[in-house]
Amino acid sequence: MKHLLSIANMQAEQLDEILDLTEHFAEIQQRDVKKVPALRGRTVVLAFFEDSTRTRTSFDLAARRLSADVVNFSAGSSALKKGESLRDTIETISAMGVDAIVVRHSASGVPQQVAGWTDASVINAGDGWHQHPTQALLDCYTIRSYRGSLSGLRIAICGDINHSRVARSNMDAFTKLGAEVVLVAPPTMLPSSLDGWPVKVVHDLDSILPDLDVVYTLRIQNERINQALFPSTREYRARYGLTRDRMAKMRPDALIMHPGPMNRGVEIDPEVADDPRAKVLDQVAAGVSLRMAVLFSVLGPGRFSLDGDAA
Amino acid sequence: MTSTVIQGGRVVDQTGIRRCDVRVDDESGLITEVGEGLTGDTTLDAQRCWVAPGFVDIHAHVREPGNEQWGTIESESRAAALGGYTAIVAMPDTDPPADNASVVKEILALSRDALCEVSPAGAITVGRQGTALAPLGEMADLGVRIFTDSGHSLQDALVMRRAMEYANGISTDDGARVVIAQHPQLDALAVDGVMHEGGWSARLGLEGQLAEAEEIMIMREVALARLTGARVHIHHVTTANSVNLIRGAKANGVLITADVTPHHLLLTDAACQSYDANTKVAPPMRTDVDIQALRAGLADGTIDAIATDHAPVGVDAKELPFDQAPFGVVGLETALPVLLTSLGKPFEALLPALSWRPADIAGLRSRHGGPIEPGRCANLVVVDPSAEWTIDRTTLSGPSTNTPFDGVTVRGRIRHTIYEGQPVVIDAKAMR
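Chain order of the listed sequences is V and E.
Going by the numbering used here, the residue at position 132 of the first sequence is 132; the numbering climbs one at a time, nothing skipped.
Going by the numbering used here, the residue at position 215 of the second sequence is 215; the numbering climbs one at a time, nothing skipped.
No lab work stands behind these hints: they were computed from the structure.
C-beta atoms are modelled at their ideal positions from N, C-alpha and C, and glycine is treated no differently.
Misleading hints may appear alongside valid ones.
Footprint (simulated), chain V over chain E, 3 or more residues, beta carbon under 8 Å [unchecked claim]:
hint : stretch
1    : 201-207
2    : 309-323
Label pairs and their calculated CB-CB ranges [to be verified]:
hint : chain 1 : residue 1 : chain 2 : residue 2 : range
3    : E       : LYS105    : V       : GLU223    : 41 to 51 Å
4    : E       : GLY137    : V       : GLU91     : 48 to 58 Å
5    : V       : ALA248    : E       : ALA157    : 50 to 60 Å
6    : V       : GLY260    : E       : ASP406    : 48 to 58 Å
7    : E       : ASP192    : V       : SER94     : 42 to 52 Å
8    : E       : ALA157    : V       : ALA12     : 28 to 38 Å
9    : E       : ASP406    : V       : VAL33     : 44 to 54 Å
10   : V       : VAL202    : E       : THR390    : 25 to 35 Å
11   : V       : HIS203    : E       : ASP406    : 23 to 33 Å
Please put together the full structure from these sequences, using the hints given.
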């Protein structure tokens with residue numbers, strides 16, 4: 001695997017391989033010394049053109065725990081502010097001889113463009129409303145760690161689907177791994193065309209709640225009120241929020257997931273976020289191991305050896 | 001004085017098809033003789049080629065004045081000549097905009113040495129801002145025949161009504177009526193869409209532009225055209241329902257014309273999956289259903305003309321993220337070959353929409369669009385319909401090479417172009 005740009009063009013076997021590899025790296029997280037020399041001498045650039053705390057920190061830790069050299073590059077203090085083009089910025093970074101560029105950008109498609117301008121491996125850390133492949137994979141890993149497999153599970157993705165890269169890449173990953181995906185949202189928050197999306201759509205969360213293995217809820221952005229996508233956070237919570245009352249209707253073994261950061265009291269009540277069924281921190285923990293697996297997949301020697309040299 | 005004979009071709013115009021030579025004269029700029037066995041100072045071979053009235057593009061952005069790094073009147077008129085065009089209508093979205101007589105005069109002055117006629121369109125409103133009427137009369141006195149806020153769709157219905165009414169009172173020295181043209185787009189519904197709203201925009205995570213944003217504006221303009229009786233033109237129609245609306249309006253006697261671009265006849269929103277901004281155009285590429293309807297509309301005359309919406313944009317700007325890159329593709333050099341290759345129609349079937357029908361709309365019929373007979377202006381194109389070649393953006397003539405057809409192999413090539421009796425393109429090479 002040279003790049004990780006989108007789940008949409010990946011095979012289920014590739015996803016499984018990365019998840020299997022993640023299990024090995026998760027083991028390392030249990031050790032006192034959480035570092036292996038697998039990517040010693042490799043350089044990873046974190047090119048975050050859009051603000052991010054958890055994804056950047058997670059990639060940073062993942063690269064360091066593989067002994068890679070990490071260069072942080074943020075748009076705020078970069079040459080882009082001086083008028084340099086994105087292409088020149090990428091070509092400049094590449095010319096310094098880096099092995100992987102992790103790209104986060106507010107515009108859909110940028111990682112794909114970047115891959116055309118560099119010989120380095122490009123990892124998509126979230127682009128616009130398009131894709132967030134490592135989020136999708138870490139969510140699959142989290143579900144797998146509790147349920148063994150995604151096959152046959154019924155998963156609801158609830159919230160502003162149209163403006164969510166997480167919704168798109170998770171829908172792709174969940175369905176490729178055999179889960180049944182139901183999108184739950186007011187019609188204003190769904191794309192007007194779902195041609196080719198292997199999903200069901202439901203507008204009434206309560207009608208399916210007792211049947212769900214996983215309830216995956218998305219962050220709601222207040223600015224969407226101004227675009228007439230929903231009337232108020234109060235009404236959103238009443239109709240689509242994971243409230244205490246709804247939690248009572250969920251199966252005892254259901255998983256409650258959220259990509260973070262959470263709006264407690266809007267899309268998820270505090271009591272729900274703190275319920276044992278909520279796996280938000282498991283997701284975060286899985287993120288580091290998963291990103292180690294992804295970095296290793298694109299930069300590693302092909303066969304991994306956890307303790308040996310990456311020769 | 002130099003005479004040139006176009007030898008051995010099949011001459012085609014609105015009077016029919018015949019095999020004969022055509023002699024033109026570069027001093028008078030006229031066709032001097034049409035017949036067999038003609039001789040002249042120089043000869044252009046036209047064996048196995050069509051000899052036709054030059055093409056007329058009623059929608060080209062030449063970028064001068066203001067954005068000369070993307071294109072100039074000289075560079076874009078060269079691209080036009082290489083594409084077989086002898087006249088282009090230059091959109092007023094220059095900097096400053098062509099919303100008054102002095103800018104129109106500047107464009108006309110800059111066009112004096114161009115490789116084709118450059119006919120400036122004027123803005124409908126001051127600064128193309130959609131509020132105050134621009135001095136349509138003084139621009140019409142300089143020869144402007146098409147008024148449009150091109151690129152900006154005129155949103156205010158009352159201003160549009162007044163523009164149409166006011167245009168009705170403008171008389172021109174050639175008796176042609178001026179045209180009010182509209183980029184049909186209801187901005188409130190189109191939002192900030194960067195591609196067609198549909199299955200692909202949903203997958204790609206890009207903001208879409210609804211087909212209905214175009215259709216609702218066409219409904220409004222049909223109603224206002226009926227009210228005012230003005231000559232109204234709809235730029236670059238893209239949806240099946242738009243074609244139906246215009247077909248219905250024409251059947252009801254409304255004076256309305258419309259054009260379609262080569263890219264909207266051929267490409268769908270699926271082209272955007274590359275995130276290559278050379279597929280980003282306004283209005284956006286739509287769906288297969290729309291393409292079929294556009295082709296049917298062109299065939300039955302609902303759509304009067306093919307216009308390129310030629311829009312040079314520099315490579316740096318097109319390398320911005322898709323949602324930030326400017327809209328537009330270049331089209332003049334590739335229009336005919338692309339159409340010939342993909343529409344499955346013979347050259348003579350495409351010619352009316354490329355030549356005399358747009359010449360009619362733009363008030364250019366006294367000089368362009370044939371027929372090919374002695375005493376007429378010698379604005380001609382010689383087309384080799386069977387030559388195969390591959391479009392290569394690096395060999396396009398202008399400073400901007402933003403084509404969506406890079407790497408596509410096409411059949412049909414512009415061999416020679418004659419403008420005002422002078423060969424400006426010989427064997428697919430521009431003479432200056």
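Could you see if the CB distance from V:GLY260 to E:ASP406 stays within 48 to 58 Å?
violated (42 Å)
CB-CB spacing for E:ASP406 and V:HIS203 relative to the 23 to 33 Å hint
Taking Cβ atoms as reference, V:HIS203 and E:ASP406 lie about 44 Å apart, which means the hint is violated.
Taking the beta carbons of E:GLY137 and V:GLU91, is their distance inside 48 to 58 Å?
Cβ of E:GLY137 to Cβ of V:GLU91: about 53 Å, so the range 48 to 58 Å holds.
Residues of the stretch 309-323 of chain E with Cβ under 8 Å from chain V, three needed, outcome
Answer holds; 6 residues pass the 8 Å Cβ test.
Taking 8 Å as the C-beta cutoff, is the stated coverage of the stretch 201-207 of chain E by chain V satisfied by three or more residues?
Answer holds; 6 residues pass the 8 Å Cβ test.
Just tell me: holds or violated, for the beta carbon distance of V:VAL202 and E:THR390 against 25 to 35 Å?
violated (50 Å)
Has the hinted range 28 to 38 Å been met by the Cβ atoms of E:ALA157 and V:ALA12?
This hint is violated: roughly 54 Å between Cβ atoms.
Supplied distance hint 44 to 54 Å, evaluated on CB atoms of E:ASP406 and V:VAL33
holds (53 Å)
Given the hint of 42 to 52 Å, is the C-beta distance from E:ASP192 to V:SER94 inside that range or not?
violated (31 Å)
If I claimed the Cβ atoms of V:ALA248 and E:ALA157 lie 50 to 60 Å apart, would that claim hold in this structure?
holds (54 Å)
Supplied distance hint 41 to 51 Å, evaluated on CB atoms of E:LYS105 and V:GLU223:
holds (47 Å)
Checked against the numbered hints given earlier, this structure breaks hints 6, 7, 8, 10 and 11; the rest are met.
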